[in-house]
Structure formats: structure tokens, C-alpha cells
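Engineer: Using the sequences and the hints given, assemble the complete structure.
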Amino acid sequence: DSGVTQTPKHLITATGQRVTLRCSPRSGDLSVYWYQQSLDQGLQFLIQYYNGEERAKGNILERFSAQQFPDLHSELNLSSLELGDSALYFCASSVEGAYGIQYFGAGTRLSVL
Amino acid sequence: AQKVTQAQTEISVVEKEDVTLDCVYETRDTTYYLFWYKQPPSGELVFLIRRNSFDEQNEISGRYSWNFQKSTSSFNFTITASQVVDSAVYFCALSEGGSSNTGKLIFGQGTTLQVKP
Chain Z
1 DSGVTQTPKH
11 LITATGQRVT
21 LRCSPRSGDL
31 SVYWYQQSLD
41 QGLQFLIQYY
51 NGEERAKGNI
61 LERFSAQQFP
71 DLHSELNLSS
81 LELGDSALYF
91 CASSVEGAYG
101 IQYFGAGTRL
111 SVL
Chain G
1001 AQKVTQAQTE
1011 ISVVEKEDVT
1021 LDCVYETRDT
1031 TYYLFWYKQP
1041 PSGELVFLIR
1051 RNSFDEQNEI
1061 SGRYSWNFQK
1071 STSSFNFTIT
1081 ASQVVDSAVY
1091 FCALSEGGSS
1101 NTGKLIFGQG
1111 TTLQVKP
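Protein sequences, first through last, are from chains Z and G. Heads up: the first sequence is residues 1 to 113, going by the working numbering. Heads up: the second sequence is residues 1001 to 1117, going by the working numbering.
Be careful, since some hints might not be right.
Per label pair, the in silico range of CB-to-CB distance [what the hints assert, rightly or not]:
#1 Z:Ile60 x G:Asn1052: 20 to 30 Å
#2 G:Glu1015 x Z:Thr15: 43 to 53 Å
#3 G:Phe1054 x Z:Asn51: 23 to 33 Å
Hints were generated in silico from the structure; no laboratory data involved. Just so it is clear, CB atoms sit at the ideal spot from N, CA and C, and this is done for glycine as well.
Structural biologist: Below you can see the structure in the form of C-alpha cells.
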């Protein structure tokens, strides 16, 4: 068990809908990262928060947004969902802002029908 | 631009064979970190090792060993006496860091290892 908790484990929704993925980092970790894993794109970095502030952004779509709350948990919001958004979404956390070992949650599998 | 290449898409071995997973990276940073993660069939990503760009010592942990060579920009992973439980997808990753001070990981495409009994 990595200590990173992601909910829900599975999510099935329809095109055009909006969903929220939740992540609780390991105790004491200030950085939260979101990654998307799909068959065609592999594992892609989406966004990083460090102690409540956005630190880095990857190729995250404008329809996607995230935030990190004062208790350090994070949420990834996906809106106007398309079939191509179906993927495994991982959250990871680390103590440091850079170079740190990232511990990954079990992921949320999103299926857009 | 930073890039990680795992040229081996799939490898199949018989139990007790040794197997090496290749990883080649590209970066202009002088300071960087390299990682290996394991993704078993259950789907989670499990951290295996982190190595910084200034430490070229090879590392051994049980049946696992890693060979880091800056001259060839490679960070290869060897499993000795493979076991069925080693069957998984293995990812090599590069941490960008540098002046942007982020921990963003750039992953290779992964190598699927199948160990047959």
C-alpha cells in the first residue's frame, strides 16, 4: 500500500458529462501529481501541485482542471467528456517539489460511453 | 526535449532466466533523476529505484540490479533468476527538475515482461 488514496476506483459515465476524481496524498507529502495512462499515449503527466499552488502543467486539456486544498488532498475535474478521455488516471505524491520519489495511488479507471 | 525510450515492447522468458530491460534517455539538464516503476496486472504503479545523475554506481537489491551509464545515456534494469511474480509492465522515467523545479516524470512506453513457469 503506497499510502496514496484515490477515489473512486472505477467511473463509468457518458459523453458530455463532468466527473471529479479525488486524491489523498501520503501523510506529510506536499506535492501531488496527476497522470493519465492510455493505450495510445502511454503515461502522460497532467499537472502538479505543491502545497496548494500549481507548480507545473503538462499537456492537460482545457476541459480538465485540478486543485489542491488546504488539507493537501487534490481533485481532478474532467468536463465535457469525450470517448477519448477514457483512461486510467493516477495520482502520485511526494515530499519534495522536484526529484522526489513519487508514490502512486491505485488509479481511477474512467470509462466514457 | 527530455525523452525516455524503452525499445523492448514485450519480453518473454522462462522462470529462472535472467532478463535485462533497456532504458535510454535524452536530457539537456546536468541534474536529473532516473526511476524505474513496476505495474503488475493489478494496475498500480510501484516504485523500484531512483538514481541521480551524479551517481553512476550500479545498484543491487536482491534479484534486481541497475546499470547506469551516462556515457550512453542508459539506465538498464536486470532481473536475475526471474520468477512468475515478476510478470508486469516496467516503466523507466526521467525527472525533469532543473530550473523549473518540478518533479514531473517523463515515462518511457514501458516493457511488458512475461515470465513463464
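Engineer: The structure should be examined with respect to each hint, and the outcome stated for every one.
Structural biologist: Results for each hint:
Range check, Ile60 of chain Z to Asn1052 of chain G: Cβ separation about 28 Å, and the 20 to 30 Å hint holds. Range check, Glu1015 of chain G to Thr15 of chain Z: about 45 Å between beta-carbon atoms, so the 43 to 53 Å window is met. At roughly 27 Å, the beta-carbon separation of Phe1054 of chain G and Asn51 of chain Z lies within the given 23 to 33 Å, and the hint holds.
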